[in-house]
Amino acid sequence: MNPIVFGLLNIVGILLALVIGAALLTWIERRLLGFWQDRRGPNRVGPFGSLQVVADMIKILFKQDWIPPFADPVVFVLAPAVVMVTTLMAFAVVPVTASIGIAGDMNIGVLFFLAMTSLSAYSVVLAGWASNNKYSLLGGMRAAAQMVSYEVFMGLALLGVVMLSGSFSLAAIVRAQSGLWFVVPQFLGFVVFVIAGIAETHRLPFDLPEGENELGAGFHTEYSSMKFGMFFVGEYIGIVLISAMIAVLFFGGWQGPLLPPIVWFALKTGVFVGFFILLRAALPRPRYDQLMAYGWKLMLPLSLLNVALTGAVMLTHW
Amino acid sequence: MLQQTPPIVPEPPIARELSERFRSRTITVQPTRDSIPTVWVDRDDLRETLRYLKIEAADPYRMLFDLTAIDERTRTHRPDQPRSDFTVVYHLTSFARNNDVRIKVALTGAGLSLPTISDLWPNANWYEREVWDMFGVVFTGHPHLARILTPPTWTGHPLRKDHYARATDMGIYDLTEEKEIAEQEAMRFCPEDWGMVRQSESTDFMFLNMGPNHPSVHGVFRLILQLEGEAIVDVVPEIGFHHRGAEKMGERQSWHTYIPYTDRIDYLSGVMNNFPYVMAVEQLAGITVPPRAQFIRIMLAELFRISSHLVFFGTMSQDVGQLSPVFYMFTDRERVFQIIEAICGFRMHPAWFRIGGVAADLPQGWDRMILDFCDYLPKRLDEYVKLVMQNRIFKLRTVGVAAYTLDEAIDWGVTGPGLRACGLDWDLRKTRPYSGYDQLDFDVPVCTHGDCYDRVVVHIEELRQSVRIIRQCVRNMPGGPYKSDHKLTTPPIKDRTMHDIETLITHFLNVSWGPVIPPGEASVGIEASKGMNAYYLVSDGDTMSYRTRIRTPSFPHLQMIPLISRGAFVADLIALIGSIDFVMADVDR
Chain L
5 MNPIVFGLLN IVGILLALVI GAALLTWIER RLLGFWQDRR GPNRVGPFGS LQVVADMIKI
65 LFKQDWIPPF ADPVVFVLAP AVVMVTTLMA FAVVPVTASI GIAGDMNIGV LFFLAMTSLS
125 AYSVVLAGWA SNNKYSLLGG MRAAAQMVSY EVFMGLALLG VVMLSGSFSL AAIVRAQSGL
185 WFVVPQFLGF VVFVIAGIAE THRLPFDLPE GENELGAGFH TEYSSMKFGM FFVGEYIGIV
245 LISAMIAVLF FGGWQGPLLP PIVWFALKTG VFVGFFILLR AALPRPRYDQ LMAYGWKLML
305 PLSLLNVALT GAVMLTHW
Chain R
111 MLQQTPPIVP EPPIARELSE RFRSRTITVQ PTRDSIPTVW VDRDDLRETL RYLKIEAADP
171 YRMLFDLTAI DERTRTHRPD QPRSDFTVVY HLTSFARNND VRIKVALTGA GLSLPTISDL
231 WPNANWYERE VWDMFGVVFT GHPHLARILT PPTWTGHPLR KDHYARATDM GIYDLTEEKE
291 IAEQEAMRFC PEDWGMVRQS ESTDFMFLNM GPNHPSVHGV FRLILQLEGE AIVDVVPEIG
351 FHHRGAEKMG ERQSWHTYIP YTDRIDYLSG VMNNFPYVMA VEQLAGITVP PRAQFIRIML
411 AELFRISSHL VFFGTMSQDV GQLSPVFYMF TDRERVFQII EAICGFRMHP AWFRIGGVAA
471 DLPQGWDRMI LDFCDYLPKR LDEYVKLVMQ NRIFKLRTVG VAAYTLDEAI DWGVTGPGLR
531 ACGLDWDLRK TRPYSGYDQL DFDVPVCTHG DCYDRVVVHI EELRQSVRII RQCVRNMPGG
591 PYKSDHKLTT PPIKDRTMHD IETLITHFLN VSWGPVIPPG EASVGIEASK GMNAYYLVSD
651 GDTMSYRTRI RTPSFPHLQM IPLISRGAFV ADLIALIGSI DFVMADVDR
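Chains as they are written, first to last, in my numbering: chain L, 5 to 322; chain R, 111 to 699.
If you are wondering where the hints come from, they were derived from the structure by calculation, not from laboratory data. We put the CB at the ideal spot given by N, CA and C, even for glycine. Treat the hints with care, as some may be off.
Stated by the list, open to error - Chain R is faced by these chain L residues, among others (derived, beta-carbon under 8 Å):
| hint | residue |
| --- | --- |
| 1 | Phe39 |
| 2 | Gln41 |
| 3 | Arg44 |
| 4 | Pro46 |
| 5 | Arg48 |
| 6 | Trp70 |
| 7 | Asp109 |
| 8 | Asn136 |
| 9 | Arg207 |
| 10 | Pro209 |
| 11 | Glu218 |
| 12 | Gly220 |
| 13 | Leu287 |
| 14 | Pro290 |
| 15 | Asp293 |
| 16 | Met296 |
Stated by the list, open to error - Under 10 Å between C-beta atoms, here's a sample of chain R residues computed to sit facing chain L:
| hint | residue |
| --- | --- |
| 17 | Leu217 |
| 18 | Thr218 |
| 19 | Gly219 |
| 20 | Leu222 |
| 21 | Ser223 |
| 22 | Trp304 |
| 23 | Met306 |
| 24 | Val307 |
| 25 | Glu311 |
| 26 | Ser312 |
| 27 | Leu318 |
| 28 | Val436 |
| 29 | Tyr438 |
| 30 | Gly688 |
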C-alpha cells in the first residue's frame, strides 16, 4: 500500500477509534459503576443501553452554549480545546502495534508524551481562571499544584524504563520487553507511574480539581453544552492514554502469544481502564494538603530510589 | 370538661434552693403537667439566677436546652402565673442531677427587652435571634440581633398572636422586578456586619458563598466562608431557607391533625417526630398508653433510627468522596421502608402515632419480616465497616478532624451522637426512659475523641443497638389494645358509638372538632436520631394548641460550625458537615 495512504488511514483510524472509544467509555463506566453499586446503570437506549452515548451527545449538543458574561471569553473557549488537542496529540507516539501507530518510533516519544500531558494541565488551570468563579478558581489552583507536582514523579518513574531499554522511543521500549515485561524489574516505577497517571487525569481519588462535594464541579462549573462535553471526553481520552502508556511501558505493549497484536494492545489497555473505573467506585478522596504531602514526601523519594537502584543494578550487571 | 391544672410538686427542690440563695426576691413556682420545675423570676434577676444555675450551684445546669417565648396576650387559663404579655422561657438541663428546670420571665407593655445571655451560653445567640425574629423581644447586648428564620425583608413577628397565619390573610403577593432586586440585594453578604475584615496585613481574604444550593450542605443551607487560600478563617452559617412556620401551624391545626406536620420536621426520622408530640399531648390529657402501643411505638421509632442513620452513614462517606457506599445503604434503607410501608401503609412520613396509641394494629406476618431484616443488617454493617471505616483515606479525612471537647459540646447545646462521641453517655432512652425503654436491654455507645470519625462510629454502634432493641420488641410484644380507651384519644374508639346518644355526640365532637385538651403546659423530650428532640406544648383548653414549641437537635448543632471549622480546610468543613447529621427541615422548622 502507498505509505502516504497508509499513514493517513492510520491517523484517521486512531483518531476515530479514540473519540468513539472515549465516548463509549462514558457508557461502560456507568454500566460498570452500576454493576458494582448494586444498580442497573443506563440500560434503556439500544442494546444494553449502548446507544446511551448517542442520546447523551444529542442532548449535550442541543444544550445552550453559554459563556458567562463575567468570564474571559477567549481563554474560556480555548481551555476545553487544549485538553482535547494535547491528549490526542500525545497519542501520536503510542505504538498500537509494530505497524499501526502514527509515530511510535519517534526517537523522543517518551519526552513528547510528557510534554503533551504537561500542556494538558494548562487546560484545567486556564478553565478555572477564565471562568472567573471562585469555585472554579479553587479548582484551578488545586489542579495547578497537583498536576505540576505529579508530573515530576511521572517523569522520574519513566526514567527506569528508559534506562533499561536505552531508548526514548516507545516502539523500542516495547521491543525491549520481548523477553520480560518491565513491570517485573520496574515494579516501583510502575506503581509510581500509575498513581501519577491517575493524578494527571484527575480521576477519583485524585479528582480534587473537580471535588464535587466541595467545589460543585470545580474548574468546569461554568461550562455547559459541548464545551463541557469536551472536558468530559478529554478526561476519558486521558484515561485511555494513561492506560495505553501503562500497557506500552510496563506490560509489553502489543506483544503476546496467539492473539493478534492489536487485540493484545486493546486487552491490556482495557484492563487498566477498568482498573481506573474500579478505583472510582472504591475510594474516597484525600484532602488537598494530604495529596501534596503524599506526593512530595512519599512518591518523590520512591521514584528517586527507583532511578538510583536501576542505575546501580545496571552498572554492576551489564 | 375544662379543669384547672393540678399542681404536681408544690415546692420543687430547685425553687427552695433558689429562694435560699436569693432571699430578698419573690420567686413564683408554676405547676405544670410535666415534672419539670417551672420558676418565674424578675427580669432584673434573670442573669444572676442563670449564672447561679450554670456556674455556682452544686451539680450545675450546664446546658441551655431551649430558649423560647410565649405570646400570652390572648391566653385565658393561666392561674397562679404573674401578669405577662410575652413570657421568655429558659429551659436548662443538668446532667449530674438528671434534672431540668424551666425559668420564665414576664415581659409586659412596650418594654419588650431582656439582657442577653449569649455570653453565658454561646448557643443562646441563635435562640435569642429566633425569639427576636418570631416575637420581637429585644435582647440587649446581643452581638448580632438579626432575623434568623425569616428573610431580612420580613415585616412583623410571625409567632405573635396578631400576626396572620395563612397566606390568604396576606393580600395579593406579586414579585415585581424592583422587589426582586431588593430581595436579592438584602441577601448580599457584607463582612463588616459580622465584624469581619476584608484583608489582613499580608493578604486579601476570599469570601466564598457556599449554598443555599451546594451538593454538600444537605438541603438549603448557606455558609459564607472567609478564606485564606483554602484555609478557613471564619464562617457565617445562615439558616431559614427551609422555614415553613411549623410552630405557627401548630396554633391552628387541631391536636390530632398536627401529627402529620411533625413527621416532616426531621423528614428522615418519620414517626420518631410523632413520638415527643403525642407524648406531650398525652401528658396534658392525662392519657396512659397501653403497653402494646408503647412497644409498637418503640419498634417503629427504632426502625426509623436505622433508616436515618443509614442515610447519615452513606452521605457521610459520599461527602469525603466515596461514591459507592451510599448506594448500598440506600438499598438497605429501602428494606426498612418496605417494613414500614407494610405496617403503616406509608414510607417516609407515615404519621402513624395517635394521641393515646397508634393508628392500627400490626398486620399479619409483621414479625417474620422484621426478624429477617434484623438478621440481614448486622452482616451488611460489618462489610460497611470494612469498606468505609477501615479505609485509610477515610481515616485520614476524619480522624482528628473537626473535633470538639465535651465542655464545648455542652456549652453549645450538642446532644445525641455528637455528644456521646465526646464521652458523655447521655441517652434519654437510658437516663429518662420513656414509653417502656427501661424494659429493654441495650447499650449506649460512647467514644472519647469527639472528632468526625468518632461521630460515625457512634452512629454505627447505634445501628447495632437499634437492631437489638427491635429484636426484643418483636420477641416480647405485649398483647392488648393498640390504643387507649381514654375519651381524648384520636380518633376515638368506635365500639360504643352507636349504643347511646351521649357516646355518639362525644364521638362526633371529637372527630369533627377534635378533642379539647385540658389547659396546662408540658414538654417532652426524646432521644431522636439526631439528638434530643422536644415538644413544649401549651394548651389553653381548646381544640388547638396555644403554643407549640419544637426544640430540634440540629439547630444548635449548626450554630457550632464556625467554632470547629476555624483554621481547617474547606474539605474538612465538608467532612464536618457530613458528620453532624442534620437535615435543614429540622433546623428551620
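Structure versus earlier hints, numbers of those that do not hold, lowest first: Violated hints: 1, 3, 4, 5, 6, 7, 8, 9, 16, 17, 18, 19, 20, 21, 22, 23, 24, 25, 26; rest satisfied.
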